[in-house]
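Participant: Given next are the chains, with one letter for each unit.
There are 2 protein chains.
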Amino acid sequence: MNQQLTIGLIGFGVVGEGVYHVLQNTPSLGATIKKIAIRHPEKKRNAPSALFTTDLFEILNDEEINVVVELIDDAEIAFQIVQTALSTKKHVVSANKKMIALHLPELIELQRTNKVSFLYEAAVCGSIPIIRNLEEYFDNDLLNAISGIVNGSTNFILTKMDEQKLSFEEALKLAQEKGFAESNPALDVEGKDAVNKLCILLKHTFGINTLPYEILHKGITQITSNDANYATEKGYKIKLLANAIRISEDEVVSYVLPRFLKDDHPLARVHNEYNGVLLSSSLADEQFLYGKGAGRYPTSSAVLSDLSALRYGYAYEYKKSGTGKTYTLNTDFLLKVYVGFPEDEAVNLSDFETIHERYISNNEQYIIGTITLEKLIHATWTQSPDVSIIELNEETDLRKADFLYEEKIEQLEEALT
Amino acid sequence: MNQQLTIGLIGFGVVGEGVYHVLQNTPSLGATIKKIAIRHPEKKRNAPSALFTTDLFEILNDEEINVVVELIDDAEIAFQIVQTALSTKKHVVSANKKMIALHLPELIELQRTNKVSFLYEAAVCGSIPIIRNLEEYFDNDLLNAISGIVNGSTNFILTKMDEQKLSFEEALKLAQEKGFAESNPALDVEGKDAVNKLCILLKHTFGINTLPYEILHKGITQITSNDANYATEKGYKIKLLANAIRISEDEVVSYVLPRFLKDDHPLARVHNEYNGVLLSSSLADEQFLYGKGAGRYPTSSAVLSDLSALRYGYAYEYKKSGTGKTYTLNTDFLLKVYVGFPEDEAVNLSDFETIHERYISNNEQYIIGTITLEKLIHATWTQSPDVSIIELNEETDLRKADFLYEEKIEQLEEALT
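Protein chains in written order, with this note's numbering: chain A, 1 to 417; chain B, 418 to 834.
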C-alpha cells in the first residue's frame, strides 16, 4: 500500500524548483527525485548538476522511475510526455491545465488501460483541494452549481484596479512586476486559463466532456475605468468567474464572464492572487473553499498532496461520469448583463430579450439587459475588444440553482409527512 | 472494492430521519437500511414500521448488517454501541462528537484491531469536509494552525446579538425557536460542544491525544450588552473560536474563547448557523473552508459522504500520529484579552503580564491586557459567570504562526541560493 516513489521531474521553473526543494525538506514522504529534465542546460540551477538531463527519455525509459511530475508550459509537448509516461505504466502528476482541458478523455482512458494514476490538483486553483473534494467528498451527484475565481493573475489585477484605482494596463504591469502575471499574459487576462480550468471542473462536477473553445469565455481586457467606476458607485466588486450551473435534470449552463458582485458575496472577498470556489449541493447547500491560487509554494503544496496520495495508490475515479446520468451543455439560457461600449460601437439592441436600463453620455454608454448565452457567443458585437460584458446578477450563482435545492428539500420533506 | 452497504441505523431524530430519506433518494449509492433502532416505539415515524426495533441487538447481532450509523445523543450509550459494532467487525459512521472526543484513542485501536472503518465527518462542522481534508489533503505534517467557528448555535446567537442588538437571552430564545439550539443549550453556549470538536481536530491536525476538560474553553453566556457595544464601537464581530496553533517545533497551544475579529477576517463573515475553518499550512499558506455547520440535510450530507467512502474501503489513517513527531500542549503562552466585569467583581490584576487599558464607569469595567493561558485556566476569577473573557488580537491566528511560514520559506529560499 505504502509505495516508494521514484520521481522523474520534467521542468524546473518556478514550481518545478519549488517541488524539488519541498521534497528535499519532506523526507517523511519517502519520495526521491532521480532525474530532472530541462531544456536549457546552460542556466544556473540550484540542485546537484548530476540530476539534470536534457534528454526526456532518460526519464521516460527509466524503469526505476515510477512517477513523472510534469511541470512544463507547452501543452502539446506536455501531452506527448504524459501519454508516453502513462503508456509505460508510470504515474503522472501534472499542473498543466491547458493540456488537461484539451485531452482529458484520452488521458483518462490511458490511465485506466495502464492501471496507473494521473493526478492534477495543482492545475486548478493552486493550493485549494477542489478536485479532490469534488472526487471524494461531493461525490453523490447532488451538486447544483460551482462558481469560482480560478485565475490568480486576473484577480490580482482586478483587486488593484478596485483598491488603487489603477487602469487595466497599470494593474497588469504591477502584476507582472510582482510575478503574478506572465510576460505574455494573454492566457490569463483573456479568460483562456479560466476556461481551461472550467473544463476540468465540468468533468469532476458533472461528468461533462467538453473543450475550452466550446464555452463562452471573456477575460478582463475590455474592462474600462468607466466600468470600474460603475462598480464603485454601485458598491460592487468586479470578479472574473468560471461558472457551471445545473438548470434542469439533465442540463448545465457554463461560461466564464466578469461579474459585478455585492460585497457580501463570498467571492467578492477573494482578493489579490487568492482563488475561491463556491459550491452548491442539494444537501450541504453552500460550500466555500478559499486559498492561494498561484505561486511557487502553494502550487508545490498541491503537487506534494498528489504525491502523498500516490503512495497510497490513489487515483481519480471520475464517479460523476459513471452514474448513467449525462448532462448536456445548454446555451439557451438568459443572463442579465451590463454591456459597456464607446459611442461609435454598434451593439445590436435587438439581440437582447429585455433592456432594463440604457445610459448614454459623451464618452460612454451602457446597457443593462437580459440576453441568451447563445447570443453572447455568436453575435458579432460581443467579440469587439471595445465592448465589455459583465454579468449583473445580484444573487449568488447558487441561488439560480436554488430551485433545485428547494425542490429536493421539498421532495424530502414531503416524503417525511 | 465497491462494497454493498447494509446499514443498521441507530437513532431516528432530526439527522437520523434525514439520512433515511436521503438514502431512499440516492439509490446510486447501493446502500440499504435494514433496521432502525429507536427508544420510543410509541412515536409516529415516517418510515415503514417493519424497519423499527427497540432492541439494539437486532442490529448489533445481525451478521448481514455491515455498517452501523450511530446518531443518538447520549455519549456513553453511543460509546457502548460503537465499541460493540466495531468489535463485531461492522464499520461505523457516527456524528457523536462528545463520544468521540472522550474515547478516540480506544476507538482507533478497536477499528485497527478489527480491520474496519470508523468515520465521523458529521461530528465536526456539519457539511464542511474538514476531517477528510486534514486526513487526505493536508497530510504532510506542515500545518501550523487551525481556527474555526465550529458550533452553529452559538454563531447564530452571536450573529443575532450583533445584527439585531438582542441580548444573549433573547438571541438564545430565537435560536431555540428556529431549531438551532437544544432546549437544554448548555453544551453549545458554554463552549463544551466546541471543545469536543477541537479535541477531534487536534488529533487530525497535529496527532495530539487530549481530553476536553484539559483544554480551556469558555462559551458565550458571559457576554453582556456592554461587551457587544464595545465590539460595535470598535468595528469588531464577536465569534466563538476553537484554536490550535503550533508555536514551536514540538508545542501547540489550544483553547476555545470568544474573540473580537475585524470585519476583514475570513471568520468574521461566517454568519448565523454557518461554520468556517481557517487553516495555515507552511506551503499552501491560508486555506478557508465554509459551509453549514448544522441542520438535517447538511449533516446528512456528511453522513452520506462517509457512507460513499465506505464503499471504497476508506478508513482514516491518522497519518499525523505516525510521523514520529509528537506535539505537547503548552499553556505558558501569552494571550491578549479583553476582560469585562461588573463593579463588585474581584478580577486579580496581578495575574496579568501587562495591562494595556483599563476602563471604569458606573455600570461596567473592562481591562485589556496580556495574560498566560495557564492563568486563564487556573485563576478563580476567570471562572465567574459575571466575567467575560474575549480574545483581542487583531491578527489572524495564522499570523501568530506566520513565523513558521516565514521560516520555512526562508529555509527553502536559502536552499535555492
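FYI, nobody ran anything at the bench for these hints, they're computed from the structure.
The model shown is predicted, which means the values in this text are computed figures rather than measured ones.
Some hints could be false.
Here are some of the chain B residues that sit facing chain A, going by a computed Cβ distance under 8 Å [as the list claims (entries may be wrong)]:
#1 Val439
#2 Ala492
#3 Ile494
#4 Phe496
#5 Gln500
#6 Asn531
#7 Ser534
#8 Glu552
#9 Lys679
#10 Leu721
#11 Asn765
#12 Phe769
#13 His795
#14 Trp798
#15 Ser801
The calculated lysine-lysine pairs, modelled on DSSO-like cross-linking and capped at a C-alpha distance of 30 Å, are [to be verified]:
#16 Lys262(A) - Lys679(B)
#17 Lys325(A) - Lys736(B)
#18 Lys451(B) - Lys319(A)
#19 Lys595(B) - Lys532(B)
#20 Lys234(A) - Lys590(B)
#21 Lys165(A) - Lys582(B)
#22 Lys506(B) - Lys178(A)
#23 Lys461(B) - Lys582(B)
#24 Lys590(B) - Lys506(B)
#25 Lys582(B) - Lys609(B)
#26 Lys34(A) - Lys753(B)
#27 Lys651(B) - Lys590(B)
#28 Lys736(B) - Lys234(A)
#29 Lys651(B) - Lys165(A)
#30 Lys679(B) - Lys792(B)
#31 Lys651(B) - Lys262(A)
#32 Lys319(A) - Lys590(B)
#33 Lys173(A) - Lys319(A)
#34 Lys506(B) - Lys262(A)
#35 Lys115(A) - Lys582(B)
#36 Lys192(A) - Lys325(A)
#37 Lys742(B) - Lys89(A)
#38 Lys742(B) - Lys115(A)
#39 Lys451(B) - Lys609(B)
#40 Lys679(B) - Lys234(A)
A virtual CB, placed ideally from N, CA and C, is assigned to each residue, including glycine.
Participant: Work down the list of hints and note, for each, if the structure agrees.
Facilitator: Verification of the supplied hints:
The beta carbon of valine 439(B) comes within 6 Å of a beta carbon in chain A, closer than 8 Å, and the hint placing it at the interface holds. Below 8 Å, beta-carbon pairs count as interface contacts, and alanine 492(B) has none with chain A, the closest being about 25 Å; its hint is therefore violated. Restraint check, isoleucine 494(B) versus chain A: the minimum CB separation of about 26 Å is more than 8 Å; hint violated. Hint status for phenylalanine 496(B) relative to chain A: violated, with the closest Cβ pair at about 27 Å, above 8 Å.
With its C-beta approaching chain A no nearer than about 27 Å, glutamine 500(B) sits outside the 8 Å limit, and its interface hint is violated. The beta carbon of asparagine 531(B) comes no nearer than 18 Å to any beta carbon in chain A, farther than 8 Å, and the hint placing it at the interface is violated. A hinted interface residue such as serine 534(B) counts as satisfied when its beta carbon comes closer than 8 Å to some beta carbon of chain A; here the least separation is about 14 Å, so the hint is violated. Evaluation of the glutamate 552(B) hint against chain A yields a violated restraint, the C-beta minimum of about 10 Å exceeding 8 Å.
Violation of the interface hint for lysine 679(B) is found here, the shortest Cβ-Cβ separation to chain A being roughly 13 Å, above the 8 Å cut-off. Here the hint on leucine 721(B) is kept, as its CB sits about 6 Å from the closest CB of chain A, short of 8 Å. Checking asparagine 765(B) against chain A: minimum C-beta separation of about 41 Å lies over 8 Å; hint violated. Among the interface hints, the one on phenylalanine 769(B) is violated; its C-beta lies about 35 Å from the nearest C-beta in chain A, farther than the 8 Å criterion.
This hint is violated: histidine 795(B) has a C-beta 37 Å from the nearest C-beta of chain A, more than the 8 Å allowed. Annotation: tryptophan 798(B) was flagged as interfacial toward chain A, and the flag is violated, the nearest CB pair being 39 Å apart, outside 8 Å. At about 37 Å, the closest approach between the beta carbon of serine 801(B) and any beta carbon in chain A exceeds 8 Å, and the interface hint on this residue is violated. Distance check on the hinted pair: lysine 262(A) and lysine 679(B) sit about 19 Å apart at the alpha-carbon level, within 30 Å; holds.
Restraint check for lysine 325(A) and lysine 736(B): the C-alpha separation of about 36 Å exceeds 30 Å, so the hint is violated. For the hint linking lysine 451(B) to lysine 319(A), the alpha-carbon distance of about 26 Å falls within 30 Å, and the restraint holds. With a C-alpha separation of about 42 Å, the suggested pair lysine 595(B) and lysine 532(B) falls outside the 30 Å cut-off, and the hint is violated. Straight-line distance between C-alpha atoms of lysine 234(A) and lysine 590(B) comes to about 37 Å, which puts the hinted pair past the 30 Å bound.
For the hint pairing lysine 165(A) with lysine 582(B), the CA-to-CA distance comes to about 36 Å; that exceeds 30 Å, so the pair is violated. With a C-alpha separation of about 56 Å, the suggested pairing of lysine 506(B) with lysine 178(A) is violated against the 30 Å cut-off. For the hint linking lysine 461(B) to lysine 582(B), the alpha-carbon distance of about 40 Å lies beyond 30 Å, and the restraint is violated. Our distance criterion of 30 Å between C-alpha atoms is broken by lysine 590(B) and lysine 506(B), whose separation comes to about 44 Å.
Distance restraint check for lysine 582(B) and lysine 609(B): the Cα-Cα separation of roughly 25 Å lies within the 30 Å cut-off, and the hinted pair is therefore satisfied. Restraint check for lysine 34(A) and lysine 753(B): the C-alpha separation of about 49 Å exceeds 30 Å, so the hint is violated. In summary, the hint linking lysine 651(B) to lysine 590(B) is supported, as the alpha carbons are separated by about 27 Å, within the 30 Å threshold. Distance hint between lysine 736(B) and lysine 234(A) is unfulfilled; the C-alpha atoms sit about 49 Å from each other, more than 30 Å.
Distance check on the hinted pair: lysine 651(B) and lysine 165(A) sit about 28 Å apart at the alpha-carbon level, within 30 Å; holds. The hinted pair formed by lysine 679(B) and lysine 792(B) meets the criterion: a straight-line CA distance of about 26 Å does not exceed 30 Å. Taking the CA atoms of lysine 651(B) and lysine 262(A), the gap is about 24 Å. The hint holds against a cut of 30 Å. Restraint check for lysine 319(A) and lysine 590(B): the C-alpha separation of about 44 Å exceeds 30 Å, so the hint is violated.
A threshold of 30 Å between alpha carbons decides the hint, and for lysine 173(A) with lysine 319(A) the separation of about 42 Å lies outside it, so the pair is violated. Between lysine 506(B) and lysine 262(A) the CA atoms are separated by roughly 52 Å; this puts the pair beyond 30 Å, and the hint is violated. A hinted pair counts as satisfied when its Cα atoms are at most 30 Å apart, and lysine 115(A) with lysine 582(B) does not qualify at roughly 60 Å. The suggested pairing of lysine 192(A) with lysine 325(A) holds, with an alpha-carbon distance near 28 Å, which does not exceed 30 Å.
With a C-alpha separation of about 34 Å, the suggested pair lysine 742(B) and lysine 89(A) falls outside the 30 Å cut-off, and the hint is violated. Using a Cα cut-off of 30 Å, the hinted pair lysine 742(B) and lysine 115(A) is violated, with the two alpha carbons roughly 34 Å apart. Distance restraint check for lysine 451(B) and lysine 609(B): the Cα-Cα separation of roughly 34 Å exceeds the 30 Å cut-off, and the hinted pair is therefore not satisfied. Between lysine 679(B) and lysine 234(A) the CA atoms are separated by roughly 24 Å; this keeps the pair inside 30 Å, and the hint holds.
Hint check: violations occur at hints 2, 3, 4, 5, 6, 7, 8, 9, 11, 12, 13, 14, 15, 17, 19, 20, 21, 22, 23, 24, 26, 28, 32, 33, 34, 35, 37, 38, 39; the rest are consistent with the structure.
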